[in-house]
Amino acid sequence: MFFTDWPDRQKEVTHKQIIMNQLIAFIRKEIYHIIRDKKTLLVLFGLPVIQILLFGFALTNEVKNTKLYILDMSKDLYSQQLIEKLHASKYFEVSGEIPRMEDAYSLLRAGKAHMVVVIPGQFSFQLNHNNNTTIQLITDGANPNMSSTIQMYATGVINDFRNDVFGKLELPYTIEVKSRMLYNPQLKGAYTFVPGVIAMILMIICTLMTSVSIVREKELGNMEMLLVSPMNPLIVIFSKAIPYLVLSLIIVTVILTMSVTILDVPIRGNIFLLYLVCLIFIVASLALGLVISTITDSQQVAMMISLMGLMLPTLMFGGFMFPIENMPLPLQVVSNVVPAKWFYYSINSIMIKGLGLKSVYKEVLILIGYCLVFLTISYKKFKIRLA
Amino acid sequence: MTTFIFILKKEFRQIFRDPAILRLIFIMPMLQLIVLPFAADYEIKNIKIGIIDHDHSDYSRTLVSKIEHSAYFRLAGYTHTFKEGLQWIEDDKADLLIEIPHRFEATLIRESKADILLAVNAVNGTKGNLGAAYTLGVIQQFNQNIRVEWFQMPEFNPEPIIDVTYTSLYNPHRNYQLFMVPGILAVLLTMVGGFLSALNIVKEKEIGTIEQLNVSPIKKYQFIMGKIVPFWLLGFVILTVGLVISFIVHGIVPGSNIYVLYLFSALYLLAILGFGLLLSNFTNTQQQAMMVAFFFMLIFILLSGLYTPIESMPPWAQVVAAFNPVSYMVEVMRMVLLKGATIKDIWPQIKIIFVFGVVLNFLAIYSYNKTN
Chain A
293 MFFTDWPDRQ KEVTHKQIIM NQLIAFIRKE IYHIIRDKKT LLVLFGLPVI QILLFGFALT
353 NEVKNTKLYI LDMSKDLYSQ QLIEKLHASK YFEVSGEIPR MEDAYSLLRA GKAHMVVVIP
413 GQFSFQLNHN NNTTIQLITD GANPNMSSTI QMYATGVIND FRNDVFGKLE LPYTIEVKSR
473 MLYNPQLKGA YTFVPGVIAM ILMIICTLMT SVSIVREKEL GNMEMLLVSP MNPLIVIFSK
533 AIPYLVLSLI IVTVILTMSV TILDVPIRGN IFLLYLVCLI FIVASLALGL VISTITDSQQ
593 VAMMISLMGL MLPTLMFGGF MFPIENMPLP LQVVSNVVPA KWFYYSINSI MIKGLGLKSV
653 YKEVLILIGY CLVFLTISYK KFKIRLA
Chain B
34 MTTFIFILKK EFRQIFRDPA ILRLIFIMPM LQLIVLPFAA DYEIKNIKIG IIDHDHSDYS
94 RTLVSKIEHS AYFRLAGYTH TFKEGLQWIE DDKADLLIEI PHRFEATLIR ESKADILLAV
154 NAVNGTKGNL GAAYTLGVIQ QFNQNIRVEW FQMPEFNPEP IIDVTYTSLY NPHRNYQLFM
214 VPGILAVLLT MVGGFLSALN IVKEKEIGTI EQLNVSPIKK YQFIMGKIVP FWLLGFVILT
274 VGLVISFIVH GIVPGSNIYV LYLFSALYLL AILGFGLLLS NFTNTQQQAM MVAFFFMLIF
334 ILLSGLYTPI ESMPPWAQVV AAFNPVSYMV EVMRMVLLKG ATIKDIWPQI KIIFVFGVVL
394 NFLAIYSYNK TN
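Which chain is which? The protein sequence lines are A and B, in order. Numbering follows our numbering, in which position 315 of the first sequence is assigned residue number 607; successive positions increment by one, without gaps. Numbering follows our numbering, in which position 105 of the second sequence is assigned residue number 138; successive positions increment by one, without gaps.
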């Protein structure tokens, strides 16, 4: 009894050790895979950096440098003053004057003009003697928001011109509205897209990279070798996931550092909570990657599913590019299925609004639920034998 | 020529024998074209409003019901204190708070002036801004009604007034979907063409079949052409299906001769396929090709003017956009489908995209090495 007892225990210990060693060896192999592929690594770090820079400095829905043409049928003092005033506005760029109405349509159609301002004949005379005249603004309405905005700006400039020349209109019974912009007084776009960029990058690294790297082993035939080896197949999968998890955390840190230093986006809430939510989302995305890898055999299919089936929903319903409350009801219902939506809500609440766990526990629980569901599915579907 | 036909046969077989890819090529983009325009709606609607009414007067009630009945707003509810209102904003129960002060009606009539406080959740800048603007519009209209009630406007304008009338062309119903669909179609064409061609040569590299091709007497240009032509034809199929879907689902009828669009797409697909092949010459694994392609596609799409106008970008970004083939496709697609542009209108874009096509394909052929 004594004899058989202790080697057994030792065997148990060594067995654990062997598993540990296997795992470490495999993780090392995966890390080499990732590090040796310099181009992909460059893209993984370049992507968030470029995105932050583009969203932060290049992309804006603000309307600027609108190309304007004038059809001036008066050519008198007031019309000249009005044109000068439009020219001086930072929103407009008066590109030229046109003699005929037909030119307006051809310029708008070719995209050379965004708006044509039609000043009627006898502009000064009408204003001085009839106290009334009408200006027509013809806009390229293909983009409705832009067209409304430039109409609004142009009306503002025209009213300014009127007030400059004839003095301000004093109206009785005026309600004065005092507006206060909460959380983001300068109306920066950065506040909405930083959590979105994080969600998207995590989705790429965790789901896409993981699923592709597992499917590649299948496609190249390595999987067969790994499965016939005495190793637990779960270790193979597990060791694939861990390096990507670490990589994701590093990239989250890069994004957060960049947004705080370059874009001045504050982290108002608890940073540990922020990382905790990121970690949960990372696990969920990794598990999703595993699910994809179990249902496909070709890298191209895995990529297409991850890209088109997941990236686009993440972009769409992540809540950072398009406001969800604008969508038709069926889509709003569908958006609840997308994990990125819940991630976005919780990150947004923690980072920008500075709320605690109490306010985001629902979202966090949903994300944890996703982790469990995906892990269960991938575990159930994971086949030790190849077809 | 016969060699080329054999290469084409091989490529087509390769595409059609992978049903999963074919399904994905068609179903995914089509699904997106149907669903995405409904989601990519920048029209601001359903703004949730919280009311803090300290006045409880006739006027304050009228104002609230006016806001409630406007198409943009939804009443989230009433609260008694501003603090509670802020809590609502934190919980996303309200986007916007309106505080009507005590004795609002009385002050307005007696002193001819009264205040209203508007607090807007501006985490989403655009939404906050437009929400405030819409509320302001409703309040101003309400204000105008009060003025009419208390003040008799003279028949002849006592002071000069300039009326402004608006004519919005091409999209009279201000339908945002109409604006997004052509752009999304352009992006889908880009994604399918760019990704598939980028992955194609790399796949041959990864599974080793490229060696066989390299030792065969196929010329470099024949090889590249053989990779381009099938996807080029596939691109036309996707464009056609996309146009049919945008007609059936979104009711978009091309404003001008559709052949203009096909002509431009022919050149554009050539350019984007050349770009994909160029990428695949510089990468070794599918994963790598995919990531690099994704990197460029993302920059191309974000700077294409699909979501945000190119004119609003800073000068450096506008320069980048000028070297971005996708921005020309998005522009032309919108011009033809919405505005009915003729071949004369898009002539400058045709010239530019032709240069893109020639340069990119030349580089793709040049950089493809038969030796390892």
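One or more of the hints may lead you astray.
EDC-like mimics (lysine to aspartate or glutamate), calculated; alpha carbons at most 20 Å apart, straight line [as the list claims (entries may be wrong)]:
1. 470(A) - 138(B)
2. 238(B) - 394(A)
3. 470(A) - 182(B)
4. 238(B) - 468(A)
5. 650(A) - 124(B)
6. 382(A) - 329(A)
7. 236(B) - 509(A)
8. 238(B) - 452(A)
9. 238(B) - 589(A)
10. 645(A) - 124(B)
11. 404(A) - 91(B)
12. 126(B) - 148(B)
13. 236(B) - 468(A)
14. 645(A) - 117(B)
15. 470(A) - 144(B)
16. 460(A) - 117(B)
17. 377(B) - 395(A)
18. 331(A) - 88(B)
19. 650(A) - 44(B)
20. 673(A) - 468(A)
21. 356(A) - 364(B)
22. 359(A) - 329(A)
23. 42(B) - 196(B)
24. 460(A) - 192(B)
25. 321(A) - 468(A)
26. 650(A) - 125(B)
27. 359(A) - 378(B)
28. 359(A) - 364(B)
29. 99(B) - 468(A)
30. 321(A) - 516(A)
Think of the hints as simulated: they come from the structure by calculation, not from any bench.
Each hint, compared with the structure:
A hinted pair counts as satisfied when its Cα atoms are at most 20 Å apart, and residue 470(A) with residue 138(B) qualifies at roughly 17 Å. Distance check on the hinted pair: residue 238(B) and residue 394(A) sit about 57 Å apart at the alpha-carbon level, beyond 20 Å; violated. Restraint check: the Cα-Cα separation between residue 470(A) and residue 182(B) comes to about 24 Å, which exceeds 20 Å; the hinted pair is violated. Between residue 238(B) and residue 468(A) the alpha-carbon distance is near 70 Å, which puts this suggested pair outside the 20 Å criterion.
As the CA atoms of residue 650(A) and residue 124(B) are separated by approximately 11 Å, the hinted pair is consistent with the 20 Å bound. For the given pair, residue 382(A) sits about 47 Å from residue 329(A) by alpha-carbon distance, which is inconsistent with the 20 Å threshold. Pair hint residue 236(B) plus residue 509(A) holds up; C-alpha atoms about 14 Å apart against a cutoff of 20 Å. Distance restraint check for residue 238(B) and residue 452(A): the Cα-Cα separation of roughly 66 Å exceeds the 20 Å cut-off, and the hinted pair is therefore not satisfied.
For the given pair, residue 238(B) sits about 18 Å from residue 589(A) by alpha-carbon distance, which is consistent with the 20 Å threshold. Between residue 645(A) and residue 124(B) the alpha-carbon distance is near 10 Å, which keeps this suggested pair within the 20 Å criterion. About 51 Å separates the Cα atoms of residue 404(A) and residue 91(B), which puts this hinted pair outside 20 Å; it is violated. For the given pair, residue 126(B) sits about 25 Å from residue 148(B) by alpha-carbon distance, which is inconsistent with the 20 Å threshold.
Restraint check: the Cα-Cα separation between residue 236(B) and residue 468(A) comes to about 66 Å, which exceeds 20 Å; the hinted pair is violated. Straight-line distance between C-alpha atoms of residue 645(A) and residue 117(B) comes to about 16 Å, which keeps the hinted pair within the 20 Å bound. Restraint check for residue 470(A) and residue 144(B): satisfied, since their Cα atoms lie roughly 17 Å apart, inside the 20 Å limit. For the given pair, residue 460(A) sits about 39 Å from residue 117(B) by alpha-carbon distance, which is inconsistent with the 20 Å threshold.
Between residue 377(B) and residue 395(A) the CA atoms are separated by roughly 14 Å; this keeps the pair inside 20 Å, and the hint holds. At most 20 Å may separate the alpha-carbon atoms for a hinted pair to count; residue 331(A) and residue 88(B) exceed this at roughly 65 Å. Of the pairs offered as hints, the one joining residue 650(A) and residue 44(B) is violated, with about 57 Å between alpha carbons and a cut-off of 20 Å exceeded. This hinted pair does not check out: residue 673(A) and residue 468(A) have alpha carbons roughly 64 Å apart, beyond 20 Å.
Simply put, residue 356(A) and residue 364(B) have alpha-carbon atoms about 18 Å apart, close enough for the 20 Å limit, and the pair holds. The hinted pair formed by residue 359(A) and residue 329(A) fails the criterion: a straight-line CA distance of about 46 Å is larger than 20 Å. A C-alpha spacing of about 67 Å is found between residue 42(B) and residue 196(B), which places the hinted pair above 20 Å, so the restraint is violated. Between residue 460(A) and residue 192(B), the direct Cα distance comes to roughly 10 Å. Compliance with the 20 Å bound is thereby established for this hinted pair.
With a C-alpha separation of about 68 Å, the suggested pairing of residue 321(A) with residue 468(A) is violated against the 20 Å cut-off. With a C-alpha separation of about 14 Å, the suggested pair residue 650(A) and residue 125(B) falls inside the 20 Å cut-off, and the hint holds. Pair hint residue 359(A) plus residue 378(B) holds up; C-alpha atoms about 17 Å apart against a cutoff of 20 Å. Restraint check for residue 359(A) and residue 364(B): satisfied, since their Cα atoms lie roughly 16 Å apart, inside the 20 Å limit.
A threshold of 20 Å between alpha carbons decides the hint, and for residue 99(B) with residue 468(A) the separation of about 17 Å falls inside it, so the pair holds. The hinted pair formed by residue 321(A) and residue 516(A) meets the criterion: a straight-line CA distance of about 17 Å does not exceed 20 Å.
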